[in-house]
Amino acid sequence: MIEVVDIHKRYRGRSVLNGASFTVEKGQITCLIGINGAGKSTILKAIMGLTPLKSGTIRIDGQPMDKNLYESIAFIPDHLTMPPGMKLSEGLRFMQDFYQSWNANRAEELMKFFSLDQTERIGNLSKGTAAKFNLVLGLAQDTEYVLMDEPFSGIDMFSRGLIAEVFSSHLIEDRGVLLTTHEIGEVEHLIDRALLMKDGSICRDFQCEQIRSEEGKSIVDVMREVYQS
Amino acid sequence: MKMNEGWTDVTFNGRDPVYLQVVRHFKEQLATGRLEAGQIIPSRRELGAMLKINPNTAQKAYKEMEEQQLIITEGNSPSRITLDDDLLRSIRSELISDAVDAFVVSVRKIDVPVEELLDIVKQKYLESNETERQVQEGGDQA
Amino acid sequence: MNRYLKLVHMEVDRFKYILAGLMSLTLVCQFGAVIWMTMSAVSYRKSGAWRNGGSMDYSYSSSPTGNLSFTDVMSTTQSIFMIPILLSIGVLAIYVFLIWYRDWFGRNTFIYRLLILPTARRHIYFAKLTAILIFIFALVSFQLAVLPVEKSIFNLIVPSDLRDPSYFSDIIYSNPALGMLIPWHFDSFLVYYGIGIIAVIAIFAAILIERSYGRLGILYAILYLGISVILLLFPMFGLGLDDVNGYLYPNEIYTIELVMCVVVMSVSVWLGCRLISKKITV
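Residue numbers (the working numbering), protein chains in the order written: chain A, 100 to 328; chain B, 935 to 1076; chain C, 201 to 482.
Since the hints were made in silico from the structure, they are not lab data. Given the structure is predicted, the values throughout are model-derived calculations rather than measurements. All C-beta atoms, glycine included, are put in the ideal place defined by N, C-alpha and C.
Short derived list, chain B residues pointing at chain A, Cβ under 8 Å:
| id | residue |
| --- | --- |
| 1 | 946 |
| 2 | 949 |
| 3 | 986 |
| 4 | 987 |
| 5 | 988 |
| 6 | 989 |
| 7 | 990 |
What follows is a list of derived Cβ distance ranges for each label pair:
| id | chain 1 | residue 1 | chain 2 | residue 2 | range |
| --- | --- | --- | --- | --- | --- |
| 8 | A | 203 | C | 224 | 35 to 43 Å |
| 9 | C | 224 | A | 102 | 54 to 62 Å |
| 10 | C | 224 | A | 165 | 38 to 46 Å |
| 11 | B | 1069 | A | 324 | 37 to 45 Å |
| 12 | B | 980 | C | 224 | 52 to 60 Å |
| 13 | A | 225 | C | 213 | 23 to 31 Å |
| 14 | A | 162 | C | 348 | 52 to 60 Å |
| 15 | A | 226 | B | 1063 | 43 to 51 Å |
Using the sequences and the hints given, assemble the complete structure.
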């Protein structure tokens, strides 16, 4: 379980995170929803230790973030973060060199699934292809948790379909997944749990199937209640 | 197994629980004869991938169908549709009566005489059959 | 440790084309200068102009016999020799900054990946520092290795009866840039390279300060560099090394200077490692 407890952060004189608290359970897909600039990406970065917090605690399976935990939690940022001069094969090699959790067979499988060409240079990839390779780098690690920042943004329709397919496959099963989005569309039927962000904290936290059966509301209905009031 | 037909383009609405919509989809497939008694159905994982839903939801739908005794899972062998004819027959009437109930609820507000209503229903129903046939023929020609 | 070496390897790999470019430029400039200058000096002699009382200005020789030595060629080609050396120094100085900033700027922010590697973050710091040192010493030793080759080219072109011997130390001192690069005395070697390394480490600390403290970061970074420079210069100038009536003996001032160097260096390394593990932000 990833526990985020009462985190605060200021950036350029503005309070970006203002007491956000939530948990991410293993075996569930949790989605952090909020408008652009609501601090979703900042939360993911804070979990990964990529940006310091003013206050609050983050624990992964009860432990504070530590270098060894990078073996059990994968991060897929909203853009590919490998040097443009590298070939895809060199990128995979780099991951294999540094991560014990790297699963070369799975990487191979994913490269095939997305029909990626290993000899291509990272700098020459189109946006959609880069997004696919980004997913390969994150999902080919045998990790307990995966964090994904806007996996669908700026991606063409056909690639979206492929990515959605990944979400309903064994690549995601049994892991704890936390993803962010500002448009619920693609993921509405994929996610187990929704966290709605407003003013730097989590204002609604619910199981999607539960809110549908108990209140007959869609995620969009709840979003409307929250963001239009 | 011709499972792909009518499975990859299922659209879900956002308000009803997805797992119940999956169960309903199975029932519709049964009622129209696209699924048959005793037929082996896809695994949870395959179903998740086909419908692009998360494996937890597929799991929940299967559990629901097992509880309704619509599907049977024995040990490690794949799940299959029940052989219980009575149950299968009841599904068809259940679907019909559900649809008619919903229709009645919305039409009741207009307070239309039942004879007139039946005529309109008959006329519309035939029209929609006709257009569907034309669409299919058009599709075949293309 | 293993991952540290892998990181060093990766950093070297990312710079290899620029390094190769600088080395090729060194080869082209210096070989070209040696060949062209030697050939023209030899042909001048063979043309008979020398014996017919031609002007000494065009003889390129310091010897009264009119014989050529490699040292002569070196001192007449100084400026062309210096071009690749100064350029290499300039490129490395810029790369001290770029080795960090290239990971933040641009479409692919590699720093995300570097910081989430399952290894202590100080390894990233030391890998970048090691890489810079490797580049410096690779270029210096390349220059050293090229000199004998240039001398043999000279020997090939000049007939032995027109040749005067030259000594390695003379060769190096005939060019001020080379003299700085390869000091003949071990203690000046220590001083030059020590100051260089301290500068790199202090700049690394300043870069990491700037990366850690948002908008105010650049101010803190400049402040940090300023304080470091003052600390390093104070013993030399503030305590009056040149002042015969000074309160302290020169030896004592040198000791204070040494202490300052150690202080600035260790504070910078400590700060750099701490910032990259705790405060850095992407």
